[in-house]
Amino acid sequence: EAGVAQSPRYKIIEKRQSVAFWCNPISGHATLYWYQQILGQGPKLLIQFQNNGVVDDSQLPKDRFSAERLKGVDSTLKIQPAKLEDSAVYLCASSLGSVLLEQYFGPGTRLTVT
Amino acid sequence: KQEVTQIPAALSVPEGENLVLNCSFTDSAIYNLQWFRQDPGKGLTSLLLIQSSQREQTSGRLNASLDKSSGRSTLYIAASQPGDSATYLCAVAPGGTSYGKLTFGQGTILTVHP
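Sequences listed follow chains A and B, in order.
Numbering-wise, the working numbering puts 72 at position 72 of the first sequence, and it's gapless, one number per residue.
Numbering-wise, the working numbering puts 53 at position 53 of the second sequence, and it's gapless, one number per residue.
Just chain A, same shape as in the assembly (with noise of 0.2 Å):
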C-alpha cells in the first residue's frame, strides 16, 4: 500500500514570500492531517480535515496560513506572508476515520524562512 505523498520534499523562501505545500493522504483514509515541528521540538497539529470538513483548526495562524482538502483527497498548505519563525518541517498524516486513531505520515517538507 502506497504511503502518504508529500511534495516538495525542500523549500527555501524569503520572508514575505508565499509557498505551498501538496499532501496525498493514503487511499480511503477520511481523515488528514497537517503538523508542524519546530526543530527540537514535537509535532503541532495545524488542521484536522474529515473528508472535506474541518474537524479542527485552532491552532492553525489563520491571518497568514491557509488550507484545503478539495474532493476530500489532496490537500494543500499555503503560507502567505511567511515569517522567520515558520521556519520547520511541515507534516501531513492521515488515518482511516477520526475514532481509528493510528495516524500514517509523510516524509515531510522542510520549510527554510530566510
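These are computed hints drawn from the structure, not numbers from a lab.
Any given hint could be a false lead.
To be verified - Here are some, though not all, of the chain B residues that point toward chain A, as calculated from beta-carbon distances under 10 Å:
| # | residue |
| --- | --- |
| 1 | Gln-6 |
| 2 | Ile-7 |
| 3 | Ala-86 |
| 4 | Cys-90 |
| 5 | Thr-103 |
To be verified - Restricting the straight-line Cα-Cα distance to at most 25 Å, the calculated cross-link-like pairs of lysine-lysine (DSS-like) are:
| # | chain 1 | residue 1 | chain 2 | residue 2 |
| --- | --- | --- | --- | --- |
| 6 | A | Lys-78 | A | Lys-11 |
| 7 | A | Lys-44 | A | Lys-83 |
| 8 | A | Lys-62 | A | Lys-11 |
| 9 | B | Lys-42 | A | Lys-83 |
| 10 | A | Lys-71 | A | Lys-83 |
| 11 | B | Lys-1 | A | Lys-62 |
| 12 | A | Lys-11 | A | Lys-44 |
| 13 | B | Lys-68 | A | Lys-11 |
| 14 | A | Lys-44 | B | Lys-1 |
| 15 | B | Lys-68 | A | Lys-62 |
| 16 | A | Lys-78 | B | Lys-68 |
| 17 | A | Lys-83 | B | Lys-68 |
To be verified - Over the 10 Å line for every Cβ pair with chain A, so calculated as not near, a few chain B residues:
| # | residue |
| --- | --- |
| 18 | Leu-11 |
| 19 | Gly-41 |
| 20 | Glu-56 |
| 21 | Ser-59 |
| 22 | Ser-69 |
| 23 | Ser-70 |
| 24 | Tyr-76 |
| 25 | Ala-78 |
| 26 | Ala-79 |
| 27 | Gly-83 |
| 28 | Leu-102 |
| 29 | Gln-106 |
The beta carbon of each residue, even a glycine, is placed where N, CA and C say it ideally should be.
Chain A is already provided as a structure; the job is to place chain B on it using the hints.
Relative to the frame of chain A, chain B by itself:
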C-alpha cells in the same frame, strides 16, 4: 491543556543494552497513547498504540506500558541495536470529541553505538 514530557531528552547506550524511555502527561482523560520513531529527515513511523483501557502493548523487542491514572507511559527496548538510533516521540489522543488531536512530547534522541 494537555502537556506531554519525555525524559531523558537524549540517551546514548552501547549495543545490546536494555533501555527505558519515559513519557508523562498532565491530563489523564486520554483516548490512547502512541509511540513513534522519527529518523533524520523523515516522517514519523508508528511503533505501538495503547488504548486507554489497555496496560501494555508489545511488538518484537519493544514493549510499551501505560498507567493512565498516574499519567505515565514507558517504552522498553530490549537488546538495543545501532539501527534503533532515532528520535522517539510519544503522543496522546484526548477523549471526548477531539479524537485526532495528538499532543506530542519533545522526543528522546537515542543513539546506540556498536
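Outcome of the hint check:
no., hint, in the structure
1, Gln-6, "8 Å, holds"
2, Ile-7, "14 Å, violated"
3, Ala-86, "14 Å, violated"
4, Cys-90, "9 Å, holds"
5, Thr-103, "8 Å, holds"
6, A:Lys-78 with A:Lys-11, "13 Å, holds"
7, A:Lys-44 with A:Lys-83, "17 Å, holds"
8, A:Lys-62 with A:Lys-11, "21 Å, holds"
9, B:Lys-42 with A:Lys-83, "24 Å, holds"
10, A:Lys-71 with A:Lys-83, "30 Å, violated"
11, B:Lys-1 with A:Lys-62, "21 Å, holds"
12, A:Lys-11 with A:Lys-44, "20 Å, holds"
13, B:Lys-68 with A:Lys-11, "40 Å, violated"
14, A:Lys-44 with B:Lys-1, "13 Å, holds"
15, B:Lys-68 with A:Lys-62, "34 Å, violated"
16, A:Lys-78 with B:Lys-68, "38 Å, violated"
17, A:Lys-83 with B:Lys-68, "39 Å, violated"
18, Leu-11, "16 Å, holds"
19, Gly-41, "8 Å, violated"
20, Glu-56, "17 Å, holds"
21, Ser-59, "13 Å, holds"
22, Ser-69, "21 Å, holds"
23, Ser-70, "21 Å, holds"
24, Tyr-76, "20 Å, holds"
25, Ala-78, "23 Å, holds"
26, Ala-79, "26 Å, holds"
27, Gly-83, "19 Å, holds"
28, Leu-102, "6 Å, violated"
29, Gln-106, "5 Å, violated"
Violated hints for the displayed structure, listed by number in ascending order: 2, 3, 10, 13, 15, 16, 17, 19, 28, 29.
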